[in-house]
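Listed below, chain by chain, are the residues.
There are 2 protein chains.
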Amino acid sequence: MVEPTGNTLSLKRLGIDTHEEPVVYMRADCHVCRSEGFSAHSRVLITAGARSIVATLNVVRDGFVLPTEAGLSEAAWQLLEAVPGEIATMAHPRPVESLGAVRAKVFGKPFGEQQLTAILQDMAAGRYTDIELSSYLTACAAVGMSLDEVVWQTRGMVDVGARLTWERPVIADKHCVGGLPGNRTTPIVVAIVAAAGVWIPKTSSRAITSPAGTADTMETLAPVNLDLPTMRRVIEREGGCVIWGGAIHLSPVDDLLVRVERALDVDSDAQLVSSVLSKKVAAGATHVVIDLPVGPTAKMRTPQAAYNVARLLERVGDAVGLVVRPILTDGTQPVGRGIGPALEARDLVAVTRGDSGAPADLRARAVLLAGEVLELAGACRVGQGAVEAKAILADGRAWQKLQAICEAQGGMRTPPVSAQRFEVLAPTAGAVVDIDNRRLSRAAKLAGAPADPAAGIDLHVRLGDRVAAGQPLFTLHAESPGEIGYVREYLAAHPGIIAVGVPR
Amino acid sequence: MVEPTGNTLSLKRLGIDTHEEPVVYMRADCHVCRSEGFSAHSRVLITAGARSIVATLNVVRDGFVLPTEAGLSEAAWQLLEAVPGEIATMAHPRPVESLGAVRAKVFGKPFGEQQLTAILQDMAAGRYTDIELSSYLTACAAVGMSLDEVVWQTRGMVDVGARLTWERPVIADKHCVGGLPGNRTTPIVVAIVAAAGVWIPKTSSRAITSPAGTADTMETLAPVNLDLPTMRRVIEREGGCVIWGGAIHLSPVDDLLVRVERALDVDSDAQLVSSVLSKKVAAGATHVVIDLPVGPTAKMRTPQAAYNVARLLERVGDAVGLVVRPILTDGTQPVGRGIGPALEARDLVAVTRGDSGAPADLRARAVLLAGEVLELAGACRVGQGAVEAKAILADGRAWQKLQAICEAQGGMRTPPVSAQRFEVLAPTAGAVVDIDNRRLSRAAKLAGAPADPAAGIDLHVRLGDRVAAGQPLFTLHAESPGEIGYVREYLAAHPGIIAVGVPR
Chain A
1 MVEPTGNTLS LKRLGIDTHE EPVVYMRADC HVCRSEGFSA HSRVLITAGA RSIVATLNVV
61 RDGFVLPTEA GLSEAAWQLL EAVPGEIATM AHPRPVESLG AVRAKVFGKP FGEQQLTAIL
121 QDMAAGRYTD IELSSYLTAC AAVGMSLDEV VWQTRGMVDV GARLTWERPV IADKHCVGGL
181 PGNRTTPIVV AIVAAAGVWI PKTSSRAITS PAGTADTMET LAPVNLDLPT MRRVIEREGG
241 CVIWGGAIHL SPVDDLLVRV ERALDVDSDA QLVSSVLSKK VAAGATHVVI DLPVGPTAKM
301 RTPQAAYNVA RLLERVGDAV GLVVRPILTD GTQPVGRGIG PALEARDLVA VTRGDSGAPA
361 DLRARAVLLA GEVLELAGAC RVGQGAVEAK AILADGRAWQ KLQAICEAQG GMRTPPVSAQ
421 RFEVLAPTAG AVVDIDNRRL SRAAKLAGAP ADPAAGIDLH VRLGDRVAAG QPLFTLHAES
481 PGEIGYVREY LAAHPGIIAV GVPR
Chain B
505 MVEPTGNTLS LKRLGIDTHE EPVVYMRADC HVCRSEGFSA HSRVLITAGA RSIVATLNVV
565 RDGFVLPTEA GLSEAAWQLL EAVPGEIATM AHPRPVESLG AVRAKVFGKP FGEQQLTAIL
625 QDMAAGRYTD IELSSYLTAC AAVGMSLDEV VWQTRGMVDV GARLTWERPV IADKHCVGGL
685 PGNRTTPIVV AIVAAAGVWI PKTSSRAITS PAGTADTMET LAPVNLDLPT MRRVIEREGG
745 CVIWGGAIHL SPVDDLLVRV ERALDVDSDA QLVSSVLSKK VAAGATHVVI DLPVGPTAKM
805 RTPQAAYNVA RLLERVGDAV GLVVRPILTD GTQPVGRGIG PALEARDLVA VTRGDSGAPA
865 DLRARAVLLA GEVLELAGAC RVGQGAVEAK AILADGRAWQ KLQAICEAQG GMRTPPVSAQ
925 RFEVLAPTAG AVVDIDNRRL SRAAKLAGAP ADPAAGIDLH VRLGDRVAAG QPLFTLHAES
985 PGEIGYVREY LAAHPGIIAV GVPR
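Going line by line, the protein sequences match chains A and B.
According to the working numbering, the first sequence is numbered sequentially starting from 1.
According to the working numbering, the second sequence is numbered sequentially starting from 505.
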């Protein structure tokens, strides 16, 4: 090993996942900590060759890091592209100038366009700590953001990431703001729209707090970890795809902010709108339909809340060159029967293939959204979108397209089937009067979704259904009896997730 | 080793200093992470015997933690009072209910008294993450706090910590909001006030971002890490003390909030006032003089800013049962000559002992503040405080008292002397037209203060002094030539920290 000199230490990969915040672990008694006056939570500029990052210091008293070493968390290791044993220089980073604008915002001063650009560039470069990201988000929510600020924030997010371009004037996209279990319309909509000849290069997310993201569900049908050249080939051949967006780095700052927002459980309309639209602009979309499910346990709790978001989506979309059509839909209960990757995939395949037993609500929702996309993209006359979408489903073109897309993405798969099942029964006779979407999602996660793609919940009833005592309300799917036991404990602690009572 | 079963792991001390936020390190492939669905940044309830804490999860891929172990950061280890190898249960913590009020505050809803009480209790119990503490502070600064809210916050801070009581009706205290190098009046004021027969049980802080805290300076003259019974004995014998407050846990939440505030570099009047006054109420004070130095590079940058803080201090003090007298003082340049623990101790000893060469500005500031304390505490007629303070200095009573206090605290010491010195000379002839307090502090820290108590800066000039080219402006003191080199580099990069030019 080379003996470090000056303010240098030898880099060691520690394999600690600090969830995106780069952390460096250095000994309190190392010569760098002593000479630079570093202490816990200091920000450290780490330079190796021509690469450099800023990381937060955790001081190590003894043990797994030598005084000649600097340990790096996974986020720091990957951001720096470090090599084991590489010699790096440690120094005080220059102050992050753009933080001055964040501090001013805290005290009510609006952001200028250049300030927001600088802030987002610094965030993209990893110069903001979690504490600072939290302060930014809180200040924006508390002080509020003007339309201009939301537009600049959206553009700034696009500018710091990759941006796709397509050689067609109209590129369609669709999005759902989420919060509703099931509701896996995306692959159906993509199949219908692409079958109609409209390009729809869809990037989707994996689950963060839900039992399945669209990417998790699609992965049970085909590979989704595609790089950009592969994605392009799929689109050029089939006109549509459903891939995981994480691999192509669209709007990377959005990922940082969403992580802190979820930890805080504070989200504002401004952040929601910038998050959604920055991803769409970066993906090269021109016409976007956005599904906003409204219900007391959905993300949009009231029609007025959904209206406010819808108007902001349209106005910011207009400013950044996107035609946005928000669609306010019913969010009082899950859409489809399955909750969890494989169970949702089963439902969407049934709808697309035109199976007689396919969930009618999922079919209706997909037809509605696909119809809106077709109209917005100019692929049919206004008012004829739903008719056209139904026709494409009915004659098998959508099913052919979905299979072709799966093949183009790397080969169609059969979703896995769970090993363990348990039926949850109605405690009394009556009608289904309420379904708690949030707790239903939690139960599906306890069953193992999305890590176990076959795990989740299969619903047998819908709001208003009459049930007899002992009739199955839903079936738990899991990989092990332990996980079934887990969910049963949770259900015992939270009775009435599907409430049976006197009809309202 | 006992084989853990269920959701249990064996505890391991990792010696990682995460700066107060409790962190637990668990393997991604351990049975607990898999069955509980924990991932990076999850909050984990750790229970060992009857003790439990909530910690933030860092997932470890491999290496220094086994799948049967949970590693703990220093903060987590100490908070849990863990024993090596002890078996602990890992579970999802209950949601922190009080965070709902913080989220509502973000959107403009004022706190109620019970809400603030619950928030501060949860913070004291370690239930808030750094991200959440940042959001609380940012929301309070951005939305603003009413007088009631500041009062409740102050009371809540007191209620979650220890609170001292004294068997005298009048207990004096003094405080400086800081930001000015030197200005080490506290031990002088304590000696004068105690010599006049007024009890002044002073708890002080160590440096956080400055080259010396009062506790660091006092420690070069006597032990300061006293526990509560020892502090009581000193006060009962001598009527005064200057000890480190950290050991007696007054207003512990203030310590948490101050740490995040400094990382953010956002501070609001409301937080400043609650921070200062909660410590005073907890220390059992009844009458408090607060020094607010005003100057462009001091904490109070304008007289109006100082006035606003002064008024809030008085009004909140009134509501929590404290008589507060704010004193707005000159903060355009350091007070005294030394910057750094031992150099400041040398100055305050010279003033208290009545040496002819003692810094006149430090003497004048101490007399002013001690006089105000004496008047406020009713120990002399109004208007006679400064006269009385001067008399107590002049006849040797203050010096006798300082020595007696040092002896009572564990024995008087002689401040250490530095090994390395370097004189910084005036580049040209002229007058001293400006002194940058912040950069001067930074230079003193680079020289090694406060970790090396003898390190720091000794000033030879004051604003307005005429100097010849090559005349010494100040002397650097350090333990090693390397540290001297460090400061010289910093001075070269930032010329004019003491600016010599044409007099204004």
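Bear in mind the hints are in silico, worked out from the structure with no lab data behind them.
Treat the hints with caution; some may be incorrect.
[Claimed, not checked] To be clear about the criterion: a stretch of chain B counts as covered by chain A if any three or more of its residues have a C-beta under 8 Å from a C-beta of chain A, and this derived list gives those stretches:
#	region
1	517-527
2	602-613
3	640-654
4	691-698
5	872-886
Glycine included, each C-beta is placed from N, C-alpha and C at the ideal position.
A quick look at each hint next to the structure:
no. : hint    : verdict
1   : 517-527 : holds (count 6)
2   : 602-613 : holds (count 6)
3   : 640-654 : holds (count 6)
4   : 691-698 : violated (count 0)
5   : 872-886 : violated (count 0)
Hints 4 and 5 from the earlier list are contradicted by this structure; the remaining hints agree with it.
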